[in-house]
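2 protein chains.
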Amino acid sequence: MARMMDLSSYTDASPGGAAVILAVGQACSEVERRVSATLASDLPPVNTLCKHLEQYHGKMVRPVLVILSGLATASTNGNEKGPVPDAAVSLAAVCEMVHLATLVHDDVLDEADIRRKTQTVNRLAGNEAAVILGDYVLSAAFALCSTLGDAAIAETIGRTGMTLCAGELVQLHHRQNLSLDERTYYELVKRKTASLISVSAALGCRVAGGDAAQQARLGAFGEKLGIAFQIQDDLLDIAGDQRVVGKSLGKDMEKGKLTLPVIHHLAAASPAVRGRTLALLSEPTQRGGAGGQGGRADLMEQLETTGSIDHARRVADTLANEAKLELAWLPESPARQMLSLMADSVVSRAF
Amino acid sequence: MARMMDLSSYTDASPGGAAVILAVGQACSEVERRVSATLASDLPPVNTLCKHLEQYHGKMVRPVLVILSGLATASTNGNEKGPVPDAAVSLAAVCEMVHLATLVHDDVLDEADIRRKTQTVNRLAGNEAAVILGDYVLSAAFALCSTLGDAAIAETIGRTGMTLCAGELVQLHHRQNLSLDERTYYELVKRKTASLISVSAALGCRVAGGDAAQQARLGAFGEKLGIAFQIQDDLLDIAGDQRVVGKSLGKDMEKGKLTLPVIHHLAAASPAVRGRTLALLSEPTQRGGAGGQGGRADLMEQLETTGSIDHARRVADTLANEAKLELAWLPESPARQMLSLMADSVVSRAF
Numbered sequence: 001m002a003r004m005m006d007l008s009s010y011t012d013a014s015p016g017g018a019a020v021i022l023a024v025g026q027a028c029s030e031v032e033r034r035v036s037a038t039l040a041s042d043l044p045p046v047n048t049l050c051k052h053l054e055q056y057h058g059k060m061v062r063p064v065l066v067i068l069s070g071l072a073t074a075s076t077n078g079n080e081k082g083p084v085p086d087a088a089v090s091l092a093a094v095c096e097m098v099h100l101a102t103l104v105h106d107d108v109l110d111e112a113d114i115r116r117k118t119q120t121v122n123r124l125a126g127n128e129a130a131v132i133l134g135d136y137v138l139s140a141a142f143a144l145c146s147t148l149g150d151a152a153i154a155e156t157i158g159r160t161g162m163t164l165c166a167g168e169l170v171q172l173h174h175r176q177n178l179s180l181d182e183r184t185y186y187e188l189v190k191r192k193t194a195s196l197i198s199v200s201a202a203l204g205c206r207v208a209g210g211d212a213a214q215q216a217r218l219g220a221f222g223e224k225l226g227i228a229f230q231i232q233d234d235l236l237d238i239a240g241d242q243r244v245v246g247k248s249l250g251k252d253m254e255k256g257k258l259t260l261p262v263i264h265h266l267a268a269a270s271p272a273v274r275g276r277t278l279a280l281l282s283e284p285t286q287r288g289g290a291g292g293q294g295g296r297a298d299l300m301e302q303l304e305t306t307g308s309i310d311h312a313r314r315v316a317d318t319l320a321n322e323a324k325l326e327l328a329w330l331p332e333s334p335a336r337q338m339l340s341l342m343a344d345s346v347v348s349r350a351f
Numbered sequence: 001m002a003r004m005m006d007l008s009s010y011t012d013a014s015p016g017g018a019a020v021i022l023a024v025g026q027a028c029s030e031v032e033r034r035v036s037a038t039l040a041s042d043l044p045p046v047n048t049l050c051k052h053l054e055q056y057h058g059k060m061v062r063p064v065l066v067i068l069s070g071l072a073t074a075s076t077n078g079n080e081k082g083p084v085p086d087a088a089v090s091l092a093a094v095c096e097m098v099h100l101a102t103l104v105h106d107d108v109l110d111e112a113d114i115r116r117k118t119q120t121v122n123r124l125a126g127n128e129a130a131v132i133l134g135d136y137v138l139s140a141a142f143a144l145c146s147t148l149g150d151a152a153i154a155e156t157i158g159r160t161g162m163t164l165c166a167g168e169l170v171q172l173h174h175r176q177n178l179s180l181d182e183r184t185y186y187e188l189v190k191r192k193t194a195s196l197i198s199v200s201a202a203l204g205c206r207v208a209g210g211d212a213a214q215q216a217r218l219g220a221f222g223e224k225l226g227i228a229f230q231i232q233d234d235l236l237d238i239a240g241d242q243r244v245v246g247k248s249l250g251k252d253m254e255k256g257k258l259t260l261p262v263i264h265h266l267a268a269a270s271p272a273v274r275g276r277t278l279a280l281l282s283e284p285t286q287r288g289g290a291g292g293q294g295g296r297a298d299l300m301e302q303l304e305t306t307g308s309i310d311h312a313r314r315v316a317d318t319l320a321n322e323a324k325l326e327l328a329w330l331p332e333s334p335a336r337q338m339l340s341l342m343a344d345s346v347v348s349r350a351f
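Protein chains in written order, with the numbering used here: chain L, 1 to 351; chain W, 1 to 351.
FYI, nobody ran anything at the bench for these hints, they're computed from the structure. Take these hints with a grain of salt, some might be off.
Stated by the list, open to error - In silico EDC-like pairs for lysine to aspartate or glutamate, Cα to Cα no more than 20 Å straight-line:
hint: 1; chain 1: L; residue 1: LYS190; chain 2: L; residue 2: ASP344
hint: 2; chain 1: W; residue 1: LYS190; chain 2: L; residue 2: ASP42
hint: 3; chain 1: L; residue 1: LYS190; chain 2: L; residue 2: ASP233
hint: 4; chain 1: L; residue 1: LYS251; chain 2: L; residue 2: ASP110
hint: 5; chain 1: W; residue 1: LYS251; chain 2: W; residue 2: ASP298
hint: 6; chain 1: L; residue 1: LYS190; chain 2: W; residue 2: ASP298
Said to hold, decoys possible - Looking from chain W toward chain L, a few residues come up when the C-beta cut is under 7 Å (computed):
hint: 7; residue: PRO45
hint: 8; residue: ASN47
hint: 9; residue: CYS165
To be verified - Estimated spans, in silico, between C-beta atoms of each pair:
hint: 10; chain 1: L; residue 1: THR48; chain 2: W; residue 2: ILE114; range: 28 to 36 Å
hint: 11; chain 1: L; residue 1: GLY126; chain 2: W; residue 2: SER270; range: 33 to 41 Å
hint: 12; chain 1: W; residue 1: THR48; chain 2: L; residue 2: GLY16; range: 30 to 38 Å
hint: 13; chain 1: L; residue 1: GLY126; chain 2: W; residue 2: THR305; range: 50 to 58 Å
hint: 14; chain 1: W; residue 1: GLU111; chain 2: L; residue 2: ALA152; range: 34 to 42 Å
hint: 15; chain 1: W; residue 1: ARG33; chain 2: L; residue 2: ASP42; range: 35 to 43 Å
Here the structure is a predicted model, which is why all the values come from computation and not from measurement. Heads up, the beta-carbon is just placed ideally off N, CA and C, and yes, glycines get one too.
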């Protein structure tokens with residue numbers, strides 16, 4: 001597994017804690033195998049592309065959430081150490097596949113060349129193959145989901161696919177909208193990013209036997225964590241190191257997607273400062289615009305003048321803390337601690 | 001409803017026949033309403049695009065197959081006149097939505113401007129919006145499918161999505177492969193076109209209570225009809241009238257997709273004739289290549305020298321007749337007659 005969510009700061013060396021760490025790690029490997037097995041085809045041109053996708057597994061945020069949420073739910077009945085049930089592994093694979101499909105299509109839309117330090121599918125095999133492969137992966141997610149024997153889960157996954165696409169369409173609609181306000185931004189991010197993360201936590205609880213109220217609480221945890229995750233992504237697109245992040249950066253700016261620091265900055269800056277920033281944002285990447293390396297540094301300087309990077313960091317931290325409060329009802333357990341740690345990790349990550 | 005499958009040559013004026021015609025027509029209107037209701041969003045940028053898709057409903061081949069297959073199955077129990085059950089309407093809407101999603105994405109891949117005599121989504125709103133909208137529609141199909149209360153249907157729809165994408169990927173792999181043989185062509189068409197048509201007939205039978213053997217027979221009917229349908233599409237791409245067909249033509253040639261007449265021709269032609277055809281195929285559309293209006297006429301002439309248009313017509317006719325034989329087990333009923341008529345109509349259509 002490539003670079004799973006960093007849970008290494010989890011220091012509970014008790015037998016219970018070690019068992020849960022082991023269970024999560026094993027389940028994640030099993031998720032990767034299940035994704036590969038579900039995508040496998042007897043047709044070589046299909047299989048080659050699916051094999052390439054195996055390098056796309058990254059932080060495994062959604063699968064880890066499904067698994068930990070399930071273990072935390074099980075802990076309410078005194079059963080917290082795993083093994084992770086097979087249904088949770090399949091559900092985690094479904095959530096990961098929906099995410100993979102969106103990555104493949106996002107890279108087409110963003111004309112991105114690099115993903116997880118490897119070539120994107122569009123770069124490797126062209127836009128056409130990437131569009132079709134994304135559909136293939138999305139269909140595979142739904143096919144696997146239907147084997148879980150719970151129609152409500154399948155319907156939720158289908159509806160979540162709609163929600164995240166709706167979020168992306170609204171984002172596209174607001175492209176180059178330099179007066180986008182923070183409220184609209186949060187609504188958009190809730191849909192395009194937080195919806196699947198929230199559903200991963202809620203459904204992980206459901207397959208572990210959690211009731212509707214418990215699912216809703218873990219869903220709220222996932223939603224807050226998801227918004228914080230996107231804000232950190234926004235920050236990395238501006239201030240991250242491409243070699244560390246492992247994907248094309250500056251794409252938000254290049255594609256006219258306003259990110260939280262920029263939205264805050266444009267609302268807070270003096271007319272003169274605002275003017276300079278707008279010039280930077282409208283300049284093509286090749287001519288020193290904010291999409292390129294030099295342009296990103298210039299943009300950073302502008303953003304610092306209004307404290308907009310700090311503002312975005314603060315919002316992300318607050319959301320991570322609020323997310324942790326959603327866990328308060330759960331009994332103390334290694335899984336709960338690790339969920340809490342995920343919330344911290346989401347906003348402190350450098351990739 | 002735009003231009004549904006032409007069943008007007010159905011001349012059974014008996015009360016039973018008239019009732020079935022009425023039931024199919026009403027069910028198709030209901031299918032369109034269900035598709036619209038499933039896609040509807042409270043977000044204006046999403047809704048505008050979904051509204052545009054309402055113009056995409058065409059021959060309604062898949063919904064009509066679901067409905068007629070269900071009615072024909074019901075006739076085995078002496079109940080053939082409808083009304084069409086609600087589950088069949090939802091299933092028909094699911095099959096139509098999967099089809100709509102592939103149309104939206106195909107138009108991106110083909111850079112097509114016209115579909116059903118209206119602008120394509122990519123033309124209207126750009127490739128990015130079209131890619132996301134296709135994902136939205138596909139997700140909506142799966143969400144609706146999950147409400148049917150039959151996990152086997154949901155899994156089949158998911159797997160069919162995979163199959164048709166796999167077919168498209170193999171087609172892409174063989175692009176510009178001028179030695180593609182007929183056998184590979186049929187395998188490819190079975191996947192990319194016939195799979196969803198076959199499944200529409202088989203699952204229409206299933207929701208009407210048909211057993212596995214009956215589903216398989218109607219599935220076989222749909223598969224043969226589906227291959228014949230694609231061959232007729234191939235013929236229209238070369239020999240059709242764009243004003244009548246209502247979509248961009250010459251796209252197969254332009255995109256290097258070999259169609260049955262061309263495959264037959266390249267295998268049958270003398271080296272000299274073959275050379276001329278290859279030159280025509282490799283020439284860009286703008287410079288008189290086979291993708292353009294003049295080029296299409298030149299290609300037609302070439303294909304006539306080897307009787308390749310006739311060959312493709314003959315294969316399509318044979319498949320349509322074989323499809324009809326798959327209906328032999330069904331008791332005589334208006335629905336069975338209309339299925340039979342669909343097989344004829346698929347190969348005689350001019351759009």
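- Which hint numbers does the structure go against, in order from smallest to largest? Numbers 6, 8, 12, 13 - these are the hints that the structure violates, sorted from lowest upward.
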